[in-house]
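A.B. asks: Sequence:
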Amino acid sequence: MRPLETLPAVGLAELEERAALLTRVDRKYLVPLDEAGWLVDTLAPDAAVLEIDERRRFAYESLYFDTAGLSSYLRTAYRHRRRFKTRIRTYADSGESWLEVKVPGPRGSTVKYRVPHEPEQSGVGAGRDFVDGVFSRHGIAVSSAELRPVLRSAYRRFTLVIPGDSRVTVDTRLRWTAAGRELRLSHLAVVESKTGSAASAADRHLWRRGYRPVAISKYATGLAALRSDLPAAPWRRVLRQHFACAAKERTND
Numbered sequence: 006m007r008p009l010e011t012l013p014a015v016g017l018a019e020l021e022e023r024a025a026l027l028t029r030v031d032r033k034y035l036v037p038l039d040e041a042g043w044l045v046d047t048l049a050p051d052a053a054v055l056e057i058d059e060r061r062r063f064a065y066e067s068l069y070f071d072t073a074g075l076s077s078y079l080r081t082a083y084r085h086r087r088r089f090k091t092r093i094r095t096y097a098d099s100g101e102s103w104l105e106v107k108v109p110g111p112r113g114s115t116v117k118y119r120v121p122h123e124p125e126q127s128g129v130g131a132g133r134d135f136v137d138g139v140f141s142r143h144g145i146a147v148s149s150a151e152l153r154p155v156l157r158s159a160y161r162r163f164t165l166v167i168p169g170d171s172r173v174t175v176d177t178r179l180r181w182t183a184a185g186r187e188l189r190l191s192h193l194a195v196v197e198s199k200t201g202s203a204a205s206a207a208d209r210h211l212w213r214r215g216y217r218p219v220a221i222s223k224y225a226t227g228l229a230a231l232r233s234d235l236p237a238a239p240w241r242r243v244l245r246q247h248f249a250c251a252a253k254e255r256t257n258d
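Position one of the sequence shown corresponds to residue 6 (my numbering), numbered consecutively onward.
I should point out that these hints are in silico values taken from the structure, not numbers from a laboratory. Some clues are possibly wrong.
Okay, the calculated beta carbon distance ranges per label pair [said to hold, decoys possible]:
#1 P13 with D134: 35 to 43 Å
#2 D46 with A249: 25 to 33 Å
#3 S141 with A73: 16 to 24 Å
#4 W212 with S99: 13 to 21 Å
Every residue gets a Cβ at the ideal spot worked out from N, C-alpha and C, and that includes glycine.
Using the sequences and the hints, build the whole thing.
C.D. replies: Here is the structure:
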């Protein structure tokens with residue numbers, strides 16, 4: 006892979022101006038690590054890489070919340086029109102945290118709401134009014150008081166900004182923990198294109214290479230991989246093709 010250091014840099018403020026995409030269409034791909042390198046090389050002539058404080062690769066940690074009956078998970082598994090995802094995302098390099106709620110938008114898009122969150126708070130805490138406001142706006146009959154931590158994920162990410170005001174994130178060293186169990190996916194990268202609507206250059210390159218978008222959610226697929234008792238129809242193929250090796254890694258650790 007061409008070193009990220011050879012690409013022009015884009016700062017966070019410029020990224021937010023050009024391609025914040027809080028309402029967006031996400032397409033996710035699971036590719037071997039060397040294929041992620043191929044994609045960077047292919048996009049390099051026109052792409053820029055996000056740089057913050059002289060860093061181009063960042064450690065992310067997410068804590069996902071759900072109800073005791075796993076309403077968020079089950080609504081996603083059954084493609085309920087009022088599904089939701091609630092998490093605290095922490096940027097480990099800076100310690101900055103955000104409380105985020107994601108809900109479906111029009112025409113297959115995703116809408117993300119976020120507010121700053123105090124890092125030392127392990128729960129929704131002072132953000133309950135924010136969460137309840139988003140739920141109410143979208144007709145989700147769940148109270149923030151019902152939410153509890155269910156799953157943690159961690160990974161390394163770099164972000165490319167490409168022409169057309171779209172961006173691509175590449176996540177590696179993926180790890181999930183829940184109820185004392187751990188799962189790692191070290192041989193693959195999750196590549197995600199984030200666009201306003203039309204496919205990006207990254208999507209078209211991946212399609213020509215033979216890759217197609219897959220159904221994968223860091224929360225739902227990770228929890229399904231750790232808990233075989235849960236319904237997992239949307240992610241069954243991904244679990245069978247890619248997470249079986251991850252289970253072996255966990256066993257051998």
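A.B. asks: Against this structure, judge whether each hint is valid.
C.D. replies: A quick look at each hint next to the structure:
1. P13 with D134: 35 to 43 Å: Check passed, 41 Å falls within 35 to 43 Å.
2. D46 with A249: 25 to 33 Å: Roughly 29 Å apart at Cβ, these two residues keep to the hinted range, so it holds.
3. S141 with A73: 16 to 24 Å: For S141 and A73 the Cβ distance comes to about 21 Å; the hint holds.
4. W212 with S99: 13 to 21 Å: violated (35 Å)
Consistency note: the structure conflicts with earlier hint 4 alone.
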